[in-house]
Amino acid sequence: MNKHLNLLFTAIGNICRNKVRSIVLILCLIAVLFPFVTAISISEGIKFQSLVSIEEGADIYVTEDYFGSNAPISLDYVGRFKKMEGVTKVFPRIVGRAYFTNRLATLVGIFPENLPESIRLSQGTMFHEKGDVIVGEGLAREFRLQPGVRFSLSINTSKLLRIVGVFDSNATIWSANLILMSFEDAAEFFKVKGKATDILIYTRSGYAPILAKQIQENVNASTSGSPETPLRVQDKTLVKRYFERGFNYKAGVFTALYTVAFALAIPALLIVSGFGQTERRKEIGIIKATGWQTQEVMEMVVLENLVISLTSAPLAILTSMVWLKWFNGAFIAQFFIAEIGLMAPFPVPSRFLPLPCLFAFIFAIVLTMVGSLYSTWRVATVPPVEAMR
Amino acid sequence: METVIRTEKVEKIYYQGKPEEVLALNQIDLEIIKSRFVLIRGPSGSGKTTLLNVISTIDRPTKGRILLHGEDVSKYSDVQLSRIRQKTIGLIFQNFNLLPRLPAWENVAFPLLPVGIMEAERRRRAVEMLIRLKLEKRVDHPPEQMSGGEQQRVAIARALINDPEIVMADEPTSNIDAESIKILFDILMDLKSKGKTIIVSSHDPIFLDYSETTFLLKEGRLMSIEHKEPR
Numbered sequence: 001m002n003k004h005l006n007l008l009f010t011a012i013g014n015i016c017r018n019k020v021r022s023i024v025l026i027l028c029l030i031a032v033l034f035p036f037v038t039a040i041s042i043s044e045g046i047k048f049q050s051l052v053s054i055e056e057g058a059d060i061y062v063t064e065d066y067f068g069s070n071a072p073i074s075l076d077y078v079g080r081f082k083k084m085e086g087v088t089k090v091f092p093r094i095v096g097r098a099y100f101t102n103r104l105a106t107l108v109g110i111f112p113e114n115l116p117e118s119i120r121l122s123q124g125t126m127f128h129e130k131g132d133v134i135v136g137e138g139l140a141r142e143f144r145l146q147p148g149v150r151f152s153l154s155i156n157t158s159k160l161l162r163i164v165g166v167f168d169s170n171a172t173i174w175s176a177n178l179i180l181m182s183f184e185d186a187a188e189f190f191k192v193k194g195k196a197t198d199i200l201i202y203t204r205s206g207y208a209p210i211l212a213k214q215i216q217e218n219v220n221a222s223t224s225g226s227p228e229t230p231l232r233v234q235d236k237t238l239v240k241r242y243f244e245r246g247f248n249y250k251a252g253v254f255t256a257l258y259t260v261a262f263a264l265a266i267p268a269l270l271i272v273s274g275f276g277q278t279e280r281r282k283e284i285g286i287i288k289a290t291g292w293q294t295q296e297v298m299e300m301v302v303l304e305n306l307v308i309s310l311t312s313a314p315l316a317i318l319t320s321m322v323w324l325k326w327f328n329g330a331f332i333a334q335f336f337i338a339e340i341g342l343m344a345p346f347p348v349p350s351r352f353l354p355l356p357c358l359f360a361f362i363f364a365i366v367l368t369m370v371g372s373l374y375s376t377w378r379v380a381t382v383p384p385v386e387a388m389r
Numbered sequence: 390m391e392t393v394i395r396t397e398k399v400e401k402i403y404y405q406g407k408p409e410e411v412l413a414l415n416q417i418d419l420e421i422i423k424s425r426f427v428l429i430r431g432p433s434g435s436g437k438t439t440l441l442n443v444i445s446t447i448d449r450p451t452k453g454r455i456l457l458h459g460e461d462v463s464k465y466s467d468v469q470l471s472r473i474r475q476k477t478i479g480l481i482f483q484n485f486n487l488l489p490r491l492p493a494w495e496n497v498a499f500p501l502l503p504v505g506i507m508e509a510e511r512r513r514r515a516v517e518m519l520i521r522l523k524l525e526k527r528v529d530h531p532p533e534q535m536s537g538g539e540q541q542r543v544a545i546a547r548a549l550i551n552d553p554e555i556v557m558a559d560e561p562t563s564n565i566d567a568e569s570i571k572i573l574f575d576i577l578m579d580l581k582s583k584g585k586t587i588i589v590s591s592h593d594p595i596f597l598d599y600s601e602t603t604f605l606l607k608e609g610r611l612m613s614i615e616h617k618e619p620r
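In order, the protein sequences belong to chains Z and G.
All residue numbers for the first sequence refer to the working numbering, where the first residue is 1 and numbers rise by one.
All residue numbers for the second sequence refer to the working numbering, where the first residue is 390 and numbers rise by one.
Looking at chain Z on its own, in the form it has when it is part of the complex (with noise of 0.2 Å):
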């Protein structure tokens, strides 16, 4: 124990002493470690927000279903649906995109009564007249809009919006770029009458499932043989399940990008971990002629790696903190989260959970491992007067 203890203080005072090797070391490992537990951190923080949206949102979305599709859906269901055993509420809502100038918006109808409770505003109030709208901080922060602005979009210049509140910045990335007014006001904006892109269904606990079905078998049955289209009906299970599939599509996009960082940083790690090579050469000939072992220099070395990595990991995981507190994830936050540009105008949402940490330390150790070991063996087996030369 003693010797191990002796090594390990001996492979600190190392450290120490090769303060130059040691600095440079830390920050190509934080260089690299940093984006990979900031993007973590987004996607986790995302992904939270998402499935927290999806727990809190509707049981059942009920479209029609054109060539496999959504397609909009009439309003004549809202009453059937209503009518169905173990159904709590039913509303329909409008969901568009359109353009503010060059800011690609979500537009969102829904009646009054039926917006969640958990909307939050920073300035303004919730609609109550024709016209009135809420718009995202995202939008609010580029396009400095306030409450009694008022504004049309292209796609609809003959219908003015006027703002009467702004969400509030810590609310979900998804009302960063939303525009938000009454039914009424969407189905005009759209030109679209009787109809809704979805409607959303709450149930009692436990019926989802069946209800899903019920609609799905007996509404189907009877629209068989008639005009109108069959619906399309998703319950929170496949939501989900879409969500997560899209999610690890861009989550890939990522890695893959990653992953080829990750290897280019092999090579320049290795670079880096040779600075002093001729000296650290010598120094392992020198104790090798002092009567160490080959297994006793490679444990002082792999020590070395161990604090270097457990110095850098916890670095890596302040600096992306740092960096989404600061900067919001730019550069990273682009590759989650669609059409925000390098600087999110909104508060990237984050976690760092401890698995993507503890990630963060083994990777550092992989690195300053094949940076170093297969080197200093090699060094360490020769005679040692070949090291020392």
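Calculated from the structure, these hints are not laboratory results.
Any given hint could turn out to be false.
Below, in silico cross-link-like pairs of lysine-lysine (DSSO-like), each with a Cα-Cα straight-line distance of 30 Å or less [unchecked claim]:
#1 G/K452 to Z/K282
#2 Z/K89 to Z/K47
#3 Z/K195 to Z/K213
#4 G/K407 to Z/K282
Given the structure of chain Z, go ahead and fit chain G onto it with the hints provided.
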């Protein structure tokens, strides 16, 4: 008379199989008796340092056998050779080979680290050794703050810290001043009086007065062996 080291037909070839191949040691047969002061002499490039490296086990011979207490160490594994260097042989290098940035006491105590001796005890032993070598004022000084003679004494202290049976020194007078040479001889004679086997490789004739066995090398060949009565 106990033989500590014997070499049989030892050869060392550098850059073997290449156009620049060098035969540094050629069929060396010698025997070193315990507690003797042995000098390996010869002109520059004669193979003195190579022979010392090979018999001190920090280099391997290309051919031949090296017997330490009758055991053929030329076939020993890396681990076995490390054990020999740790317990049996103390080496003093021509250019001292101290670890830069480490203070004198840590350089001296470095061979004790894998033995498992903790810092306080390591320091105590190293300081004791440095005091013996009149370096009490240099205990916490790194090599670059010491003269050549002082650095050499630190290297001697390091070689002696594990109380080896054989002490080997390569050209020990080449990088130190006259006063340091006198101190060096005092140390070597003191070690000899304690029964240690001293093996010195040097072209400096000053050692001829002290050596009991002198091996003369020329172009990698052992030209002569001279024995004198112990002093």
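Each hint tested on the structure:
Of the supplied pair hints, the one linking G/K452 and Z/K282 holds, its CA atoms being roughly 26 Å apart against a limit of 30 Å. The suggested pairing of Z/K89 with Z/K47 holds, with an alpha-carbon distance near 27 Å, which does not exceed 30 Å. Proximity of Z/K195 to Z/K213 is assessed by CA-CA distance (about 23 Å); at most 30 Å being required, the pair is judged to hold. The straight-line distance between the Cα atoms of G/K407 and Z/K282 is roughly 25 Å, inside the 30 Å bound, and the hint therefore holds.
Violation of the numbered hints given earlier is absent; every hint is satisfied by the structure.
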